[in-house]
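Residue numbers (my numbering), protein chains in the order written: chain A, 1 to 352; chain B, 1 to 54.
Derived from the structure by calculation, the hints contain no laboratory data. We put the beta carbon where it would ideally sit given N, CA and C, even for glycine. Please note that a few of the clues may not be correct.
Residues from chain A that face chain B, not an exhaustive set, calculated with beta carbons under 8 Å [stated by the list, open to error]:
| no. | residue |
| --- | --- |
| 1 | A64 |
| 2 | G241 |
| 3 | G248 |
| 4 | Q249 |
| 5 | V258 |
| 6 | L262 |
| 7 | A266 |
| 8 | L267 |
| 9 | R270 |
| 10 | S344 |
Label pairs and their computed distance ranges (CB to CB) [as the list claims (entries may be wrong)]:
| no. | chain 1 | residue 1 | chain 2 | residue 2 | range |
| --- | --- | --- | --- | --- | --- |
| 11 | B | T8 | A | I304 | 34 to 42 Å |
| 12 | B | L45 | A | R173 | 54 to 62 Å |
| 13 | B | L45 | A | E17 | 25 to 33 Å |
| 14 | B | L21 | A | G81 | 18 to 26 Å |
| 15 | A | S310 | B | L21 | 36 to 44 Å |
| 16 | A | S111 | B | P40 | 52 to 60 Å |
| 17 | B | A14 | A | G323 | 53 to 61 Å |
Next come the chains, spelled out residue by residue.
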Amino acid sequence: MLDSLLDGLGIAGTSPEMLALFVGFGLVVGVLFGFFGMGGSFLVTPALLMLDYEPSVAVGSGMAFVFGTAVIATLKHHDLGQVDYKLGAIMITGTTIGIEAGRASVYYLESLGLAGGIISVAYVVLLGGVGAMVTRDALNGDGGGGIDHEAADKDLSEYEVPEIAKTIQRTVRIPPMVTLRGDVRVSAWVITAVAFATGLLSGFLGVGGGFIRMPAMIYAIGVPVPVAVGTDLFEIVFSGGLGSYLYGQGGGVNLGIVVPLLFGSALGARVGSAATAVVDADGIKIYFGGMLLIGALAVGIGEIGSYIGSPTLELLGLVLVIGAAVVVAVAILYTTISSLRVKSHGRTTTAD
Amino acid sequence: MAGLAVPTWDPETAVLIGTILLEAIVLYVGYGGLERLFGPRLMKLLIGGDADAR
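Excised from the complex, chain B in its bound form (with noise of 0.2 Å):
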């Protein structure tokens, strides 16, 4: 394994790598949804009162 390597095809490691790539998607996605959902009223919760302070 001292020598530089070329990269070959490996189906598994694909998906291991692919598997990364979709949950980063995903959470992208997913947490702007609940940010937008749920931001303003964790903004109320947090500094207590008026959620347009921002």
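Isolated chain A (complex conformation) (with noise of 0.2 Å):
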């Protein structure tokens, strides 16, 4: 019974050793999402393919794992009143045409034998893009990249409008205009455009998109912090749902991939996003900053020995990428215990 179950999932395909090892890297992954609000899912789709799974594949179960994430995450958000559903709807109809543009190119790309290696060389310019800025960024002390959690705190009516989005409402006035929570109001074909591009991205690399449409919603559509990382989730649910069925229909989905990664993220989302009411988040974005870049290198490396067929260097490329996350990870989890005792052990000589 539980055979045939697990093998009409499409989990028996997948050995023990497979099994096992998505877990693991889907605790880490989940650390890292619950801990920075975003990043882990797209060291997923690279890894998978130094992995050698076809990059539809690659992509597809990135993006399954994606909606999962984003499912889980939607929910913890509705109950803190953190989504805009109005934003949220406008935002789906850009996202499902652009994600749907982008996983044509990759079966597009695919059929010319062309899409493995463009789609590596896409996540080297963004790993080491985002990775660089923020490193730059902590190394600034301006604590840039990822959710700012004490931002993400504050009440709506707090936020101030970045001058940027301030301009484009004053310049960009086609309509229909729409008001959105926090006295918003902006035209929908603003949101529309950053939506598609967005979109076009996620559909491409099989990845959320959170770290790029979240600022894009800040400083394009000027939406309070709090409010842009609840409704990108919820539209991810949508867009990621959408974008996983058309991949699943192509048989792009290996739930093999996606069933054990999930089970470990959902568990190390708790843990990452428990730490970061104990340990301050700027300490560590050095750290995040260097994994992204690490992991654009392992991309890179992975991709030239896969280009001259070399599988030490493809090894290689594997163990940085997935050594880079669980180091980064195991540091949120040292730091946060060890502050802990401190707490623990202070509070304890106090009372004495």
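Once you've looked at the hints, go ahead and assemble the two chains, each given alone in its own frame, into the complex.
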């Protein structure tokens, strides 16, 4: 009975070692996602590409994983009242068309035999670019990258609209104009353009796109940070669900990958999220930036290894991408437990 | 496959995506319950002593 169920779900085809690897990797990705509010998911697709999965399976399964993660995170943000359903509904259309255009590009490039190489290069540029930005901000003490947990706790009325968003709201006044939470009034076309661009990226790379969409919602549309976070996740539930469905129709979603990844990441996300209450995220952001840069290097090495037919370089790339994520996740856990012990010791001493 | 595709009803794919949705909801509820049940005990084990330190 159990065998037939697992077989039906496609899990029986995955070896126990791979299942354990995916659960463990999911745990690591979940800790990173829960702590930084972004970032874990875009390590999954390159890792699957390095494990020699077909590009459509790597991207499709990566997207299905993002969908599952977004469902769990949206349930939490819904409870906190941080979802603007009107903004989410408008964005769904643009993102859906963008995802479908990105997905069609993957299949087209796959038919030319170019998909793996081009997706890897796009990842090198993306991981390297975001990694450099986060590292620079962390070194400057700007606290850039990921969710600003303090800002996320502020009241919506305390939030100030960035200058660039005010300029866009003043200059682009193509009807229909919509009013969003936090008294933001913006053209529906601006929202659709942001949604399409980020959807294209999601469909092409199998990522949620939150690390682009969240800053875009804050700086181009002008919504408050907590609403941007909650609405982004709500929107990913629909766009990720549809994208996964379309990839699934083409045989691109492998439950033997997605189920164990999600099993590990749901637990890791709880741990990572709880850790934000104890540890200052800014202190660890430099490691996060470093991890993304190493990820970019790893994808590059893996791709060169694949191009020249060197299994050693391919293995080195895989070890680097997983190793960098593991090191940052362990750093978060270690710092959290150390901080808890210090606090606990301090209270005991004070009580004495 | 190069053109844009309109999603069509496919029961097998719907079950596939439904399985992921169901797993996500079960994990959200299940891990939440486990956290309430074993969280304090785990905290006590990790920080060695006062479980109310949080």
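Structure-based check of all given hints:
1. A64: At 6 Å from the nearest chain B Cβ, A64/A passes the 8 Å test, so the hint holds.
2. G241: With a closest approach of 6 Å, the G241/A hint holds.
3. G248: Holds: closest Cβ of chain B sits about 4 Å from G248/A, inside 8 Å.
4. Q249: Holds, about 5 Å.
5. V258: Check passed: Cβ of V258/A comes within 6 Å of chain B, closer than 8 Å.
6. L262: holds, 6 Å
7. A266: holds, 4 Å
8. L267: holds, 6 Å
9. R270: holds, 6 Å
10. S344: holds, 4 Å
11. T8/B - I304/A: 34 to 42 Å: Since the Cβ atoms of T8/B and I304/A sit about 40 Å apart, the hinted range of 34 to 42 Å holds.
12. L45/B - R173/A: 54 to 62 Å: holds, 59 Å
13. L45/B - E17/A: 25 to 33 Å: holds, 29 Å
14. L21/B - G81/A: 18 to 26 Å: holds, 23 Å
15. S310/A - L21/B: 36 to 44 Å: holds, 41 Å
16. S111/A - P40/B: 52 to 60 Å: Once the Cβ atoms are compared, 56 Å apart, the range 52 to 60 Å for P40/B and S111/A holds.
17. A14/B - G323/A: 53 to 61 Å: With Cβ atoms ~38 Å apart, the hint is violated.
Taken one by one, the earlier hints fail for this structure only at number 17.
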